[in-house]
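Taken in order, these protein sequences are the chains called A and B.
Number 132 in numbering that gives the first Met the number 0 belongs to position 133 of the first sequence; there are no gaps in the numbering.
Number 5 in numbering that gives the first Met the number 0 belongs to position 6 of the second sequence; there are no gaps in the numbering.
Among the hints, erroneous ones may be present.
Listed next, the in silico BS3-like pairs over lysine-lysine satisfying Cα-Cα at most 27 Å (straight line) [to be verified]:
hint : chain 1 : residue 1 : chain 2 : residue 2
1    : A       : Lys202    : B       : Lys89
2    : A       : Lys202    : B       : Lys137
3    : A       : Lys196    : B       : Lys137
4    : A       : Lys115    : B       : Lys85
5    : A       : Lys202    : B       : Lys118
6    : B       : Lys139    : A       : Lys202
7    : A       : Lys196    : B       : Lys45
8    : A       : Lys207    : B       : Lys89
9    : B       : Lys126    : A       : Lys202
10   : A       : Lys196    : B       : Lys78
11   : A       : Lys196    : B       : Lys118
12   : B       : Lys125    : A       : Lys196
13   : B       : Lys78     : B       : Lys45
14   : B       : Lys118    : A       : Lys115
Keep in mind the hints are simulated off the structure, nothing from the lab.
Spelled out from the first residue to the last, the chains are:
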Amino acid sequence: MSELRHLINITDLSVEEIAHLIDVADDIIEHPEAYQDICAHKKLATLFFEPSTRTRLSFTAAMMELGGNVLGFDQAASSSTAKGESVSDTIIMASCYADIIAMRHPKEGAPFVAAKHSSVPVINAGDGGHFHPTQTLTDLMTIHRKRGELGNLTIGLCGDLKFGRTVHSLIEAMIRYDNVRFIMISPEELDLPSYNKETLDAKGIEWKEVRSLEEAMPELDVLYMTRVQKERFFNEEDYIRLKDSFILRRNMLETAKEDMIVMHPLPRVNEISLDVDEDPRAAYFFQALMGKYIRMALILFMLGIR
Amino acid sequence: MNLDGVTNGIVLDHIQAGKGWDIYNLLGLEKVDCTVAIIQRVSSTKYGRKDIIKVDGDVDIDLDVLGYFDTNITVNRIKDRELLKKVHLKLPETLTGVIQCRNPRCITSVEQEIVHQFKLADPENKKYRCVYCDTVYKEKK
Chain A
0 MSELRHLINI
10 TDLSVEEIAH
20 LIDVADDIIE
30 HPEAYQDICA
40 HKKLATLFFE
50 PSTRTRLSFT
60 AAMMELGGNV
70 LGFDQAASSS
80 TAKGESVSDT
90 IIMASCYADI
100 IAMRHPKEGA
110 PFVAAKHSSV
120 PVINAGDGGH
130 FHPTQTLTDL
140 MTIHRKRGEL
150 GNLTIGLCGD
160 LKFGRTVHSL
170 IEAMIRYDNV
180 RFIMISPEEL
190 DLPSYNKETL
200 DAKGIEWKEV
210 RSLEEAMPEL
220 DVLYMTRVQK
230 ERFFNEEDYI
240 RLKDSFILRR
250 NMLETAKEDM
260 IVMHPLPRVN
270 EISLDVDEDP
280 RAAYFFQALM
290 GKYIRMALIL
300 FMLGIR
Chain B
0 MNLDGVTNGI
10 VLDHIQAGKG
20 WDIYNLLGLE
30 KVDCTVAIIQ
40 RVSSTKYGRK
50 DIIKVDGDVD
60 IDLDVLGYFD
70 TNITVNRIKD
80 RELLKKVHLK
90 LPETLTGVIQ
100 CRNPRCITSV
110 EQEIVHQFKL
120 ADPENKKYRC
130 VYCDTVYKEK
140 K
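Build the full structure now, drawing on both the sequences and the hints.
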C-alpha cells in the first residue's frame, strides 16, 4: 500500500474494505498461528489522552498477538500534553518512534488534526462524543459472526444517543447495507443529534423514536445498549436525573426474538442487569473479544500487510 | 449601477443597505493602498436601497468570504473604466479562518493555533459544519 491511510470516521472505509477486514479477522480466528509473527519489529503507539480500558487493552492485545510491540501512554497527565504540548507536536514526535498510531482524545476532531501531521497511519480510538470507528468495526464483526449478515436488520439503539459516539458511528456504518431500519430508544434529553437524523432522512432510511424498551423489543434483531456517560455532562444534576433512564432486565427479553442479540460497547454501569449475562442473546463480552480480532485485521490493513 | 470613478478595480454592488461598513471591515479594505469609496443607501430598483463599495486599485477580494456574508452582492471587475467581468456570488463549499467553532468539546476550543474550517452541509439553509467536530455553526444573536 503506497498511500498513507488514516481511520478517523468509519466512512473512511468503503463497504468493500470493511468486508475485507471481516474476512481477515475471520481468518485470524481460524488460523491464529499464521499471524503470530506477522508484525514482528513493528511498533504501535497507543496515545490515550483520556482513560480507556477496553479499547487500549484490545489494541495492545491485537498488536502483541501479531508479534509487534506497543508503546504509549494512557492519560494526558503522563504525556507532554500536561506541559501544554499541542496534538500536532505530540503526533509528529510519536510518528518518529512508531509505525502506526492509535489515538484517543477527549476533544472532538483531535485525531483529524493528528492525521494532518502524522507520517504514519493514525487510527481514531475515540474523540469525545464524536467518532469511535474501531468500536464500530467491532460491532460489525459481532453482528457478522452472530447474525451472518450486515443487512436485513432492525436495530434498536438504547440509552445515550446524544453523546454516544458508538451509536453515531454505528449508524453511519449500517446505513450502507440493505434493508436496515433503526428504532431509537432514549429519554428526550438524550435524543439522537439532528445531523444523524438528517443523514437518515437524506438516505431514505426507516427509523422511529420510542420512549420505552418494551415497546421496541419484539421488533428487534439487534439491541444496542449504551451507558449514560458521566464525563459528557457539564452539569452533574442532569447526569443523575438521566443515568437510570433505561435498564435492561432479563424478564424484558421475554418478548424479544429468539435470535436477537444484545450488544453493549462496555463498560456498563447498571444499564444491563447481571442476570441478562446468562441469556444466550447476551453478546457484549463476545463483542469485546471480536474487538481484538478486528483490530488485528485493521492494523494489518493500515500497515499495508494484508 | 454606477462605475464612475473606477479606472482599474472593483465595484461591489447590491450590498444590503447599511451593511457597507461591515463588508469594508470584513474584507480588510482599510489596509489597501488605493481609493476606496462607500456609498450608502443608494436607490435600487431591485432592493429599494443598497450600499455600494468602489475600490480603484488592484486588490485581491476573497469571494468566499463575501459569498458567505451575502450571496446577493455582485462583484464587478473594472479594467480601463470598462466592465470586464460581473461575478454573482454563491455560498462557498469551505470556509477557512472566517467563522469560529463554538463547540466547547471541539479541539479548536483548546488549541489556538488550529485554523477554524467549515464545510457547507446544507446550502438551502446556509448550514456549515466544523470539519473537526461536525458541529453546525450558529451565528450569535
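To see whether the hints hold, each was checked on the structure:
1. A:Lys202 to B:Lys89: Distance of about 26 Å is within 27 Å: holds.
2. A:Lys202 to B:Lys137: Holds: Lys202 (chain A) and Lys137 (chain B) sit about 25 Å apart, inside 27 Å.
3. A:Lys196 to B:Lys137: holds, 18 Å
4. A:Lys115 to B:Lys85: Given that 27 Å is the threshold and the Cα spacing comes to 37 Å, the pair is violated.
5. A:Lys202 to B:Lys118: holds, 19 Å
6. B:Lys139 to A:Lys202: violated, 31 Å
7. A:Lys196 to B:Lys45: At roughly 38 Å apart (the allowed maximum being 27 Å), Lys45 (chain B) and Lys196 (chain A) break the hint.
8. A:Lys207 to B:Lys89: Violated, because 36 Å separates the two Cα atoms, which is more than 27 Å.
9. B:Lys126 to A:Lys202: holds, 18 Å
10. A:Lys196 to B:Lys78: The hint is violated at about 50 Å.
11. A:Lys196 to B:Lys118: Holds, at roughly 18 Å.
12. B:Lys125 to A:Lys196: holds, 18 Å
13. B:Lys78 to B:Lys45: holds, 26 Å
14. B:Lys118 to A:Lys115: At roughly 17 Å apart (the allowed maximum being 27 Å), Lys115 (chain A) and Lys118 (chain B) satisfy the hint.
When each numbered hint is compared with the structure, violations occur for hints 4, 6, 7, 8, 10.
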